[in-house]
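Chemist: I would like the entire structure built from these sequences, with the hints used as guidance.
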Amino acid sequence: MAQLFNPSTNPWHSPRQGSHRECRFDRLQAFEPLQKVRSEAGCTGTFVIRRVIQPQGLLVPRYTNAPGMVYIIQGRGSMGLTYPGCPATYQQQFQQFLPQGQSQSQKFRDEHQKIHQFRQGDIVALPAGVAHWFYNDGDAPVVAVYVYDINNSANQLEPRQKIIEFLLAGNNNRVQQVYGRSIEQHSGQNIFNGFSTELLSEALSIGAVATKRIKSQNDQRGKIIHVKNGLQLLRPTLTQQEEQAQAQQQDENFCTIKARSNIENPSRADSYNPRAGRVTSLNSQKFPILNLIQLSATRVNLYQNAVLSPFWNVNAHSLVYMIQGRARVQVVSNLGRTVFDGVLRPGQLLIIPQHYVVLKKAEREGCQYIAIKTNANAFVSQHAGKNSVFRALPVDVVANAYRISREQARSLKNNRGQEHGAFTTRFHQQVYQEFSNESESETSE
1 MAQLFNPSTN PWHSPRQGSH RECRFDRLQA FEPLQKVRSE AGCTGTFVIR
51 RVIQPQGLLV PRYTNAPGMV YIIQGRGSMG LTYPGCPATY QQQFQQFLPQ
101 GQSQSQKFRD EHQKIHQFRQ GDIVALPAGV AHWFYNDGDA PVVAVYVYDI
151 NNSANQLEPR QKIIEFLLAG NNNRVQQVYG RSIEQHSGQN IFNGFSTELL
201 SEALSIGAVA TKRIKSQNDQ RGKIIHVKNG LQLLRPTLTQ QEEQAQAQQQ
251 DENFCTIKAR SNIENPSRAD SYNPRAGRVT SLNSQKFPIL NLIQLSATRV
301 NLYQNAVLSP FWNVNAHSLV YMIQGRARVQ VVSNLGRTVF DGVLRPGQLL
351 IIPQHYVVLK KAEREGCQYI AIKTNANAFV SQHAGKNSVF RALPVDVVAN
401 AYRISREQAR SLKNNRGQEH GAFTTRFHQQ VYQEFSNESE SETSE
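Heads up, the sequence shown is in the UniProt record's numbering, so the first residue is 1 and it goes up one at a time.
Bear in mind the hints are in silico, worked out from the structure with no lab data behind them. Note that beta-carbon positions come from the ideal geometry of N, C-alpha and C, so glycine has one too. Misleading hints may appear alongside valid ones.
Pair by pair, the computed Cβ-Cβ distance ranges are [as the list claims (entries may be wrong)]:
1) A203 / K286: 40 to 46 Å
2) C255 / V343: 44 to 50 Å
3) R119 / I191: 28 to 34 Å
Modeler: In structure tokens form, the structure reads like this:
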């Protein structure tokens with residue numbers, strides 16, 4: 001509990017476990033979602049799934065061996081996370097949302113833990129071992145990207161090479177879109193299937209017929225099922241949810257902690273350039289539950305031909321998913337070698353290793369992407385702009401390190417001195433010409 005709500009958590013320390021095999025990042029690849037594919041954890045220890053839930057579709061309850069983060073690309077719906085030991089608070093206080101005309105005793109026939117409303121742009125935290133479900137109550141498909149951190153210390157199953165889903169319902173007989181290289185796909189049943197019907201019937205105090213249904217032995221619907229008449233859910237309005245959230249901020253605990261936060265709202269941007277775009281980060285300082293899953297997120301919206309300051313991730317790997325538009329991306333290793341140079345398109349995923357330097361430039365249509373990072377308080381070191389590494393260096397250090405004049409060093413330090421994050425390219429010709437002229441002058445001397 002202390003770790004979950006402690007604002008002074010050290011961002012330099014990560015509870016992740018390193019890979020036990022030799023890793024090479026000398027050539028990176030942008031992945032497409034493939035059918036019948038299971039990704040291996042690899043050197044970054046992450047697992048990514050893209051799911052599509054059709055209207056009235058229910059992603060049946062399950063829990064996983066590793067914590068995860070969900071980004072809602074499109075759509076809206078309801079979801080639930082069931083925390084062990086927490087009370088079923090959705091009962092009396094929301095009884096007015098039950099159908100009218102029922103008796104008083106009937107109004108209390110159902111009680112459950114909190115239901116959350118989600119929408120496009122939401123980040124949802126999924127702690128390891130916590131059962132969860134998602135339901136599409138909208139008119140359009142819900143498209144979501146799930147990122148699991150297999151190397152997190154919460155995962156104690158060995159070997160740490162894949163995400164393991166423990167299904168409370170349904171089965172594993174249908175495929176999903178997963179990013180990776182291996183073409184192996186396992187089928188299986190839910191966790192109740194392994195128990196004998198007799199013992200399970202006694203434990204749950206239900207009949208044998210219902211017990212066999214729970215085991216889902218002849219259920220071919222898979223992990224996402226269609227609810228014919230829709231779910232009848234007990235839930236407050238959005239206004240009541242906001243009022244409830246404000247009240248809970250005064251007494252936040254494990255059972256009431258906020259599980260989702262929207263990262264798409266322009267008013268929440270950390271940096272904004274009206275000509276270049278905006279950058280919004282979501283870490284445990286803004287979203288405390290991220291301390292539990294040790295993941296964070298950054299959403300970037302670049303306008304036409306805008307450039308994002310070159311940077312490296314100081315304390316995390318970064319999984320970049322292109323949402324819209326296209327961007328030219330280059331990634332460079334510690335040896336100064338280009339390990340990726342290409343255009344990232346919508347639906348593609350690029351994993352950028354910790355400390356590798358990355359440069360992105362939007363194409364003519366601009367681009368929007370989400371970057372999931374393997375640290376609850378991930379941060380970057382930038383090469384240009386107000387907070388750049390060059391701005392922190394003395395001008396003589398820069399001049400001598402690069403064999404340039406002091407004037408050139410000052411230009412390198414200050415040309416983007418009042419900008420942060422996303423840049424326009426208006427300085428390109430000016431700076432190039434300035435450096436070119438000074439180089440020619442030095443040569444003639």
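Chemist: It remains to establish, for every hint, whether it holds in the given structure.
Modeler: To see whether the hints hold, each was checked on the structure:
1. A203 / K286: 40 to 46 Å: At 42 Å between Cβs, range holds.
2. C255 / V343: 44 to 50 Å: holds (46 Å)
3. R119 / I191: 28 to 34 Å: Hint holds: Cβ distance 31 Å, inside 28 to 34 Å.
Consistency with the previously given hints is maintained throughout, with no hint failing.
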